[in-house]
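Asks: If you read the protein sequences in the order shown, they are chains A and B.
Quick note: the first sequence uses the UniProt record's numbering, first residue 1, plus one each step.
Quick note: the second sequence uses the UniProt record's numbering, first residue 1, plus one each step.
Calculated from the structure, these hints are not laboratory results.
Source: prediction; values computed, not measured.
Where is the CB? At the ideal position from N, CA and C, for every residue including glycine.
Some hints could be false.
[To be verified] Facing chain B, according to a computed beta carbon distance under 10 angstroms, are these residues of chain A, among others: (1) E52; (2) P72; (3) E73; (4) V80; (5) V106; (6) E113; (7) L138; (8) L142; (9) F146.
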Amino acid sequence: MLTIKNLHASIEGTPILRGINLEVKAGEVHAIMGPNGSGKSTLASVLAGREEYEVTEGEVTFKGKDLLDLAPEDRAREGVFLAFQYPVEIPGVSSTNFLRTAINQVREYRGLEALDAVKFLTMMKEKMKLVEIDQKLLSRSLNEGFSGGEKKRNEIFQMAMLEPTLSILDETDSGLDIDALRIVSNGVNQLKSKDNATIVVTHYQRLLDYIVPDYVHVLYKGRIVKSGTKELALELEEKGYDWIKEAIDSEATV
Amino acid sequence: MSKDNQILEELTSKEYEHGWSVNFEADEAPIGLNEEIIRWISAKKEEPEWLLEWRLKAFKTWQSMTEPTWANVTYPKIDLQSLRYYSAPKQNNKPKSLDEVDPELLQIYERLGINLNEQKKLQGIAVDAVLDSVSVATTFKGTLSKLGIVFCSFSEAVKEHPELVKKYLGSVVPMTDNYYAALNSAVFSDGSFCYIPKGVRCPMELSTYFRINAANTGQFERTLIVAEDEAYVSYLEGCTAPQRDENQLHAAVVEIYAAKNAEVKYSTVQNWFPGDKNGKGGIYNFVTKRGICAGDHSKISWTQVETGSAVTWKYPSCILKGDHSIGEFYSVAVTNNYQQADTGTKMIHIGKNTKSRIVSKGISAGKSQNSYRGQVQVMKRADNARNFSQCDSLLMGDRCGAHTFPYIDINNSSAKVEHEATTSKIGEDQLFYCNQRGISTEDAVALIVNGYAKEVLNQLPMEFAVEAQKLLALTLEGSVG
Ligand SMILES: Nc1ncnc2c1ncn2[C@@H]1O[C@H](COP(=O)(O)OP(=O)(O)OP(=O)(O)O)[C@@H](O)[C@H]1O
Ligand SMILES: [Mg+2]
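With these hints in hand, go ahead and build the complete structure from the sequences.
Replies: Following this line, the structure appears as structure tokens:
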């Protein structure tokens, strides 16, 4: 579904990603871990098409298409979803109105009819249950004044509504309380199918107890320096990153 | 080049959609401005002597005045002698009902999406259509007159209700008020008159639609709204003009009088031709709008959505004379390309326990300049006056300007005046967030801008709010940043 080959990207001339290779197949869950500043969010942003980042090398194909060639909105319409590490506030625009605009533009792109108000609301009701989100929150301005946890929950609610094929969750677990973590993870799990894939960016093994990954990758200095199965996450939890950092940094100096 | 500028360069703004004109025979005054022309207009309209005198007096006053220069706008000097001060579509006999109105005139309004045929019209809005200098038709007159409501063209009011016109004309905006108000008083052609008798709640929205059609013709309409004790009315004003290379002058006067416990809501969606994207052409809109809350517990509320005109100079104001009276001003002013707007309000607190609320949302794009100018004045005996002002500016791109000029003048220590102001830019973050959910940049801008202006748009009657939202999006099309 997603193939990333030798991806290099920089921002304002500073290289951040330095040769990422990653293959994600339908039905899989990949976890990306790594120390602060290693480039996890950058990778997510580049995949979603944020224009500040310049791709200097490499290629990304998504469902056989050249992803890097598509405008951000078209990537979304093709089924790429990014749950933001820091969701943005849009004053005066309710979540409901926002989502309806989004869904109908995605549907239009796919040659589907616009959802009428009734169908939309029915769908909303159903998905609201999935992440146990309160109706009141959705009638408020998008993310404005939402607590950290509420913002994250709302991201997953939007994911449920948009039914993406590739979801990238950037630290969705940070800021969630213990119950919310369980609820949101359950939601993500229920949305999983053999046709879609998920990339979860996280710092904590705890999340991976709920959303069990098929693969775990460690990102360091803009490269994936180690890949493994879910046991790798446990090992990281126990030992931290130093042993990996040391190995890589000494390699680099040799 | 930053992304903002790049997008700005790439996208060109959508052309103004009402930029057509129709050729039909017109009754026109000779070009120029002098006493003779004023007599000519007055005679044409078969006006009583007192009104002619009033006009001539205004003209004399105007001659001694000079054009104001304090507004934050620049434009070449207007040659007032090269304009025509009266142009009316030729209709052989004055139509008595809609059936007699020239179908070609009705068609002009059809094209603007305004249907003057009563049975087909949306329920709940009565329309007075003003083309160039005269009122073409007024709908729903019968229904309204049963309630004692007068809603007709200004000229008709002069004939049918001279005592009312005489009593209120110039009572809120004196002819000496300012340069453009004096000019208007001398040469005003037509406009709407609306009178709601004591205790009557007007059951439908009253609406006037102004259209400039003829070239080189100034439009000087005069609107007068009177709400007697306990009366209520919601009044709407819309406007368009054809696209022309030269600038056209529009200098209207609106007066509102609210008696005890009366409430008047006045909403405008201003969509005059703004000039093309290089700043050529467009309407100069120099308008004086003022209301007086004359009676205790009365309320006047101005809501305006300003999207058009090359230059706008407009400050709908409230004189809060009655105790416990309330004045409100809700404004969205959008400027794009080379448009300039200097707009705001004046709230003059005279009575005790008077309250005013100002919500101004400026949106600037392109190379435009957008200024808010507001004055809050609390007089000596206005105990416990309250004012709240919120002035926000939204910038799109980095070649436009937003300016705020609040003037506060307090002469009573019990007054409470609050002023809040913010300036923001449409964020890349917000746009990207929308894009990431599948929303195009153009629609993202519309969404964000409408969200930003929501508090004001919410004040508009439903049909107008939808129109206004579309207009905002249209005005800003291609100005992302
Ligand atoms: N405009 C910029 N100019 C220079 N460096 C930048 C810029 N924006 C981001 N960076 C740097 O890019 C690096 C990668 O940032 P990124 O947000 O991708 O890290 P991350 O792995 O998601 O970290 P975290 O775990 O803290 O979320 C950081 O060192 C950051 O400081
Ligand atoms: Mg990050």
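Asks: Evaluate each hint against the coordinates.
Replies: Status of each hint after checking the structure:
1. E52: 7 angstroms, holds
2. P72: Check passed: Cβ of P72/A comes within 4 angstroms of chain B, closer than 10 angstroms.
3. E73: For E73/A, the interface hint holds, since the closest Cβ of chain B sits about 5 angstroms away, which is under 10 angstroms.
4. V80: This hint holds: V80/A lies near chain B, its Cβ roughly 8 angstroms from the closest one there, short of 10 angstroms.
5. V106: Interface hint status for V106/A: holds (4 angstroms vs cutoff 10 angstroms).
6. E113: This interface hint is violated because 16 angstroms lies over the 10 angstroms limit.
7. L138: Result: violated, 14 angstroms to nearest chain B Cβ.
8. L142: Hint holds; L142/A Cβ to chain B Cβ min 8 angstroms, cut 10 angstroms.
9. F146: 14 angstroms, violated
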